[in-house]
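> Now for the letters of each chain:
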Amino acid sequence: MRPSAMLQLVFFNVTNGLIIGAFYALMAIGLSLILNLSGVINFAHGGFLVIGGYLAYTLTPYLGFWGALLVAPFLTALIGFAVERLLIRRLYGRDPLYSLLLTFGLAFIIEDGTRQIWGANGLPFSVPVALTSPLSYQFFFITGYRMFMVATVAIVVGLLFVLLRYTRIGVRIRAGTLDLETVAALGVNVRALRSLNFAVGIFLAGLAGVLAGGQLGLEPTMGDGLLMPSFIAIVVGGVGSLTGTLLGGLLIGVASGLTAVLFPSASEAVIYVMMAIVLLVRPQGLLGEEGMFT
Amino acid sequence: MTAGQQRHLAVLAAVWAALLLAPYWMPLFGGYTALGSRVLVLGLGAMSVNFLLGFTGVLSFGHAAWFGLGAYGCGLTLKFVGASTPLGLLAGALVGGIAGAILGALLVRRRGIYFAMVTIAFGQVFYYIAFQWSSVTGGDDGLRGFARQPLHFELFQIDLLHNDVSFYYFVLICFAAVLAVMASILRSPFGRTMTAIRENERRARFLGIPIELHIWIAFTLSCFFMAFAGALYALVNNFADPRMLHYSLSGDFVIMAVMGGMRTFWGPLLGAVIFVVLQDYLSSVTVNWMSFIGVLIVLIVLFFPRGVLGLLPQRRTA
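Listed in order, the protein sequences are those of chains C and S. Quick note, the first sequence lines up with residues 21 to 314 if you use our numbering. Quick note, the second sequence lines up with residues 28 to 345 if you use our numbering.
No lab work stands behind these hints, which were simulated from the structure alone. A virtual CB, placed ideally from N, CA and C, is assigned to each residue, including glycine. Careful: at least some of the hints might be erroneous.
[Stated by the list, open to error] Among chain C residues calculated to face chain S with C-beta under 7 Å, some are: (1) F124; (2) I252; (3) L299.
[Stated by the list, open to error] The following label-pair restraints were derived from C-beta to C-beta distances: (4) C:Q136 with S:R229: 30 to 38 Å; (5) C:I297 with S:Y51: 53 to 61 Å; (6) C:T202 with S:Q33: 49 to 57 Å; (7) C:R110 with S:L339: 19 to 27 Å; (8) S:L240 with C:D199: 28 to 36 Å.
All chains, full assembly: derive it from the sequences and hints.
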């Protein structure tokens with residue numbers, strides 16, 4: 021292979037990896053928010069992603085793609101809010117085993133429910149033509165839609181970080197991550213804070229579902245393959261740190277993109293190897309602090 | 028002998044009698060012997076998870092990995108190395124147990140949710156390997172082309188393949204042997220220390236107990252038991268497939284343990300009986316069995332977190 025061709029291939033896969041990584045990060049940040057404040061590993065996160073995608077599919081005939089993109093994540097968040105109020109809230113303060121199992125059961129129900137409502141077969145989810153064309157012939161792989169995905173992720177995550185940093189609620193969420201008891205003692209309504217935070221996490225899952233639907237089409241099991249990389253993004257980046265989760269997501273995306281060039285069949289396994297290395301060298305994760313959930 | 032001990036012995040005798048006579052009473056309730064073997068093996072898996080979860084208080088949500096490694100280890104040995112059932116079982120247990128020991132060393136410093144998350148993620152590595160490496164593992168179609176072999180003794184041999192009942196008894200003997208090992212470990216000073224770590228890790232540490240070492244040993248033992256169960260499961264089906272390594276099976280094992288009662292020795296077996304029979308039944312009557320299982324899990328978590336045996340008054344022993 022000519023060096024320039026190799027270079028282009030590497031460039032292609034790194035870009036690809038960054039795009040996938042941005043997507044993992046979107047999923048993982050939602051998971052991470054919920055994990056940090058509520059101590060819940062949300063197994064149903066992939067399920068909420070599926071709900072978001074399918075809701076957008078149903079809404080598109082009425083609202084168009086852009087309307088669905090805006091509304092579907094909100095509806096998903098609303099469902100998430102109800103689930104937190106009705107089910108998950110009861111398990112705070114109990115062994116984390118129980119919330120893990122509850123969301124595990126929820127994932128079953130959501131997958132089966134999706135199949136019941138929308139059918140077991142995959143559905144196409146069409147995005148506006150303006151987004152599907154490649155940007156240029158040389159970089160044929162960077163389609164408008166992928167750029168749009170990355171831009172959306174960047175805007176939403178950026179906005180989230182700004183909100184967490186500069187708004188009262190955001191500061192409370194961050195403070196609650198560090199010491200929920202003290203936050204409660206200062207008179208903050210921790211129950212409402214957790215509900216809201218959970219809904220925000222689910223909103224991100226719903227958004228990820230709409231974006232993934234446009235790229236890959238819809239399937240009742242589409243959340244499965246995306247859940248594990250999100251877990252790994254959190255562990256690699258460091259539990260407790262949202263910036264770490266973002267970094268972790270991008271890193272494993274690039275790593276699996278690069279491996280796809282050199283050793284294609286290992287592109288799935290490499291992210292696990294990365295996790296093993298991180299656990300060996302820096303057990304708390306890249307940006308994690310020792311003592312968080314250890 | 029106190030009344031409590033007598034009652035305990037009576038219950039034990041009843042459990043073993045029920046297990047011994049299962050091939051004879053199960054058909055009366057619409058069961059079949061192969062289902063009995065499956066329940067026993069999955070029950071052994073749930074008890075192995077509970078060895079760690081219920082008695083050391085460490086939540087591994089990726090134990091299907093060791094189960095599946097045991098299954099593949101056994102299947103590949105029978106297919107490529109030697110046609111011997113005991114050899115297959117031994118190889119399966121070793122493959123899963125050693126892999127567990129190695130990864131366990133990476134994990135022991137993590138606790139609680141973090142431990143659960145890392146075990147889920149690591150478990151999936153083996154799923155992907157089994158899925159991708161199709162030249163060896165058969166990939167998505169699963170590993171075929173092996174079968175349980177007759178047991179050879181000096182004077183006679185026992186056919187396990189075609190005779191479901193004799194295979195059931197073979198499984199039962201293996202099950203009993205592992206249970207004996209498990210129970211004696213739990214009764215030993217080491218087992219007491221495991222419980223002490225579960226009850227109060229910080230106090231145990233202050234007493235000078237090397238916590239990480241204990242958790243690592245408990246984890247490794249649990250992986251060995253799990254892999255042995257997996258190897259048996261490969262024999263039950265004469266088949267191994269990647270779903271045996273998937274985290275959703277890990278979740279099933281944890282649910283069995285919780286459903287039956289995770290602070291009890293026998294609870295997970297009872298949980299396995301309920302779960303496997305229910306799943307078998309539901310999937311034969313409705314396509315929506317997943318919803319039913321999901322709702323069942325949610326209900327158990329919300330209303331019966333202590334499990335069936337947890338509802339009984341506890342004997343006052345640790």
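> Does each hint fit the structure? Answer for all of them.
Taking the hints in turn, this is what the structure says about them:
{"no.": "1", "hint": "F124", "verdict": "5 Å, holds"}
{"no.": "2", "hint": "I252", "verdict": "5 Å, holds"}
{"no.": "3", "hint": "L299", "verdict": "5 Å, holds"}
{"no.": "4", "hint": "C:Q136 with S:R229: 30 to 38 Å", "verdict": "48 Å, violated"}
{"no.": "5", "hint": "C:I297 with S:Y51: 53 to 61 Å", "verdict": "55 Å, holds"}
{"no.": "6", "hint": "C:T202 with S:Q33: 49 to 57 Å", "verdict": "53 Å, holds"}
{"no.": "7", "hint": "C:R110 with S:L339: 19 to 27 Å", "verdict": "24 Å, holds"}
{"no.": "8", "hint": "S:L240 with C:D199: 28 to 36 Å", "verdict": "31 Å, holds"}
When each numbered hint is compared with the structure, a violation occurs for hint 4 only.
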